[in-house]
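Please work from the sequences and hints to get the whole structure.
In the numbering used here, the protein residues as written are 31 to 138.
Calculated from the structure, these hints are not laboratory results. Think of the CB as a built atom: it goes at the ideal place given N, C-alpha and C, for glycine as much as any other residue. Check the hints yourself; a few may be wrong.
Pair by pair, the computed Cβ-Cβ distance ranges are [claimed, not checked]:
hint, residue 1, residue 2, range
1, 129, 43, 42 to 48 angstroms
2, 65, 44, 28 to 34 angstroms
3, 51, 78, 17 to 23 angstroms
4, 122, 43, 22 to 28 angstroms
5, 50, 107, 19 to 25 angstroms
6, 94, 43, 20 to 26 angstroms
7, 90, 55, 17 to 23 angstroms
8, 130, 71, 27 to 33 angstroms
9, 35, 130, 15 to 21 angstroms
10, 123, 50, 18 to 24 angstroms
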Amino acid sequence: MEYIVHRIKLRPGVDPQRFESWVRDVDYATCAVLPSVVTFSVQRASTDPEAPFHYFEIIGVHDRDAFARDMKLDAFHGLEEVFDTMAVVVDEIAGTRVGSGYSQRSSW
Numbered sequence: 031m032e033y034i035v036h037r038i039k040l041r042p043g044v045d046p047q048r049f050e051s052w053v054r055d056v057d058y059a060t061c062a063v064l065p066s067v068v069t070f071s072v073q074r075a076s077t078d079p080e081a082p083f084h085y086f087e088i089i090g091v092h093d094r095d096a097f098a099r100d101m102k103l104d105a106f107h108g109l110e111e112v113f114d115t116m117a118v119v120v121d122e123i124a125g126t127r128v129g130s131g132y133s134q135r136s137s138w
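Have a look at this one:
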């Protein structure tokens, strides 16, 4: 499994609650039509308007090439269009998990 982590900064004047509502209601729901996405979550990091980033998202995929293909789908482009009005990705890192990792529960 490969993980992609994006640090996200809200655009000036964007209400964090608006962004979080969109994440819960639209962003998460759209993952179901992106076959390469295995896990996806967004975490709030800071509410300080001057913070270098406000959120980070973690995307888990089995195949980075398949995810690249999913990024060409209309559903993904719809996400990008709305996301770009509210926020910008300021940094990306990606890597492959070492071993099976650890989880106390089977579902987070």
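How the hints compare with the structure:
1. 129 x 43: 42 to 48 angstroms: Roughly 43 angstroms apart at Cβ, these two residues keep to the hinted range, so it holds.
2. 65 x 44: 28 to 34 angstroms: Holds: the Cβ-Cβ distance is about 30 angstroms, inside 28 to 34 angstroms.
3. 51 x 78: 17 to 23 angstroms: Because 20 angstroms falls inside the window, the suggested range holds.
4. 122 x 43: 22 to 28 angstroms: Holds, since residue 122 and residue 43 (Cβ atoms, about 24 angstroms apart) stay within the stated range.
5. 50 x 107: 19 to 25 angstroms: For residue 107 against residue 50, whose Cβ atoms are near 22 angstroms apart, the range 19 to 25 angstroms holds.
6. 94 x 43: 20 to 26 angstroms: For residue 94 and residue 43 the Cβ distance comes to about 34 angstroms; the hint is violated.
7. 90 x 55: 17 to 23 angstroms: Given a distance of about 21 angstroms, which is inside 17 to 23 angstroms, the answer is holds.
8. 130 x 71: 27 to 33 angstroms: For residue 130 and residue 71 the Cβ distance comes to about 19 angstroms; the hint is violated.
9. 35 x 130: 15 to 21 angstroms: Between residue 35 and residue 130, where Cβ atoms are some 19 angstroms apart, the hint holds.
10. 123 x 50: 18 to 24 angstroms: 23 angstroms Cβ-Cβ, so the 18 to 24 angstroms window holds.
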